[in-house]
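S.K.: Sequence:
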Amino acid sequence: MMRHFLVALDGSDYAWRALDEAIAYGKAINAEILVLHVVPLEDIPEEIQEFARIENVAPGDVGFAWRKKIMLEDKIKNEAAKRLKNAGVKSFKTLVHEGDPAERILAAAGELNIDMIFVGDRGLGPLHRLVIGSVADKIVNLSKCTCVIVR
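At position 30 of the sequence shown the residue is numbered 33 (this note's numbering), and the sequence of numbers has no breaks.
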């Protein structure tokens, strides 16, 4: 039975370490590694979002155009694929979704029958985490599968 790991990758140092951990565990048991980068729609400047509302452009279309403009999606996907290939991982996919990162990661984990989620810890201070939480906290608290937070 093949295991399926999901790595939430935002380009931070902690997220790249999470990918490294997933590679180490995954190679040991021949797991498929799915790398998911979620582009939060709120990263799109308000002026562009307002223009899209006026022109009746779908939020997903605006997000896609904005991502392509800043090239973050391609940079993260290409770097992840390079690292996975160089490590000798045989089965992997890179995915990009839009929306709330924690919600999209949890939804993907359910849809793709993920066995384990790897996510980097953003290193927020205790007060900041208490007030607004973090993506990693939400994933750990709401996930139905095993989660690994990498620091």
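Check before you lean on any hint, since a few could be wrong.
What the hints assert, rightly or not - Per label pair, the in silico range of CB-to-CB distance:
#, residue 1, residue 2, range
1, A61, T149, 29 to 39 Å
2, H100, V60, 17 to 27 Å
3, T149, S94, 11 to 21 Å
4, R56, N33, 16 to 26 Å
5, K93, R56, 42 to 52 Å
6, S15, L115, 36 to 46 Å
7, R56, A90, 15 to 25 Å
8, R20, C148, 28 to 38 Å
9, M4, E82, 24 to 34 Å
10, D16, I57, 37 to 47 Å
11, R154, A31, 29 to 39 Å
12, E106, Y28, 18 to 28 Å
13, R6, N59, 16 to 26 Å
I should point out that these hints are in silico values taken from the structure, not numbers from a laboratory.
Even for Gly, the Cβ is constructed at its ideal location relative to N, Cα and C.
S.K.: Look at the Cβ atoms of R56 and N33 and judge whether their distance stays inside 16 to 26 Å.
M.R.: violated (47 Å)
S.K.: Confirm or reject the claim that D16 and I57 have a C-beta distance inside 37 to 47 Å.
M.R.: With Cβ atoms ~39 Å apart, the hint holds.
S.K.: Could you see if the CB distance from A61 to T149 stays within 29 to 39 Å?
M.R.: Since the Cβ atoms of A61 and T149 sit about 35 Å apart, the hinted range of 29 to 39 Å holds.
S.K.: Taking the CB of R56 and the CB of A90, does the distance hold inside 15 to 25 Å?
M.R.: violated (43 Å)
S.K.: Quick check on a hinted range of 17 to 27 Å for H100 and V60, using CB atoms only.
M.R.: holds (19 Å)
S.K.: Is 36 to 46 Å right for how far apart the beta carbons of S15 and L115 are?
M.R.: violated (23 Å)
S.K.: Using the C-beta atoms of T149 and S94, is the stated range 11 to 21 Å upheld?
M.R.: Once the Cβ atoms are compared, 19 Å apart, the range 11 to 21 Å for S94 and T149 holds.
S.K.: Please test the hint of 16 to 26 Å on the beta carbon pair from R6 and N59.
M.R.: violated (44 Å)
S.K.: Determine whether the Cβ-Cβ distance between K93 and R56 falls within the hinted range of 42 to 52 Å.
M.R.: Given about 45 Å between the Cβ atoms, the range holds.
S.K.: Within 18 to 28 Å or not, the Cβ separation of E106 and Y28?
M.R.: Once the Cβ atoms are compared, 25 Å apart, the range 18 to 28 Å for Y28 and E106 holds.
S.K.: Kindly confirm whether 29 to 39 Å is satisfied by the beta carbon distance between R154 and A31.
M.R.: violated (21 Å)
S.K.: State, for the Cβ atoms of R20 and C148, whether the hinted interval 28 to 38 Å holds or is violated.
M.R.: At 20 Å between Cβs, range violated.
Hint compliance for this structure: hints 4, 6, 7, 8, 11, 13 are broken, all remaining hints hold.
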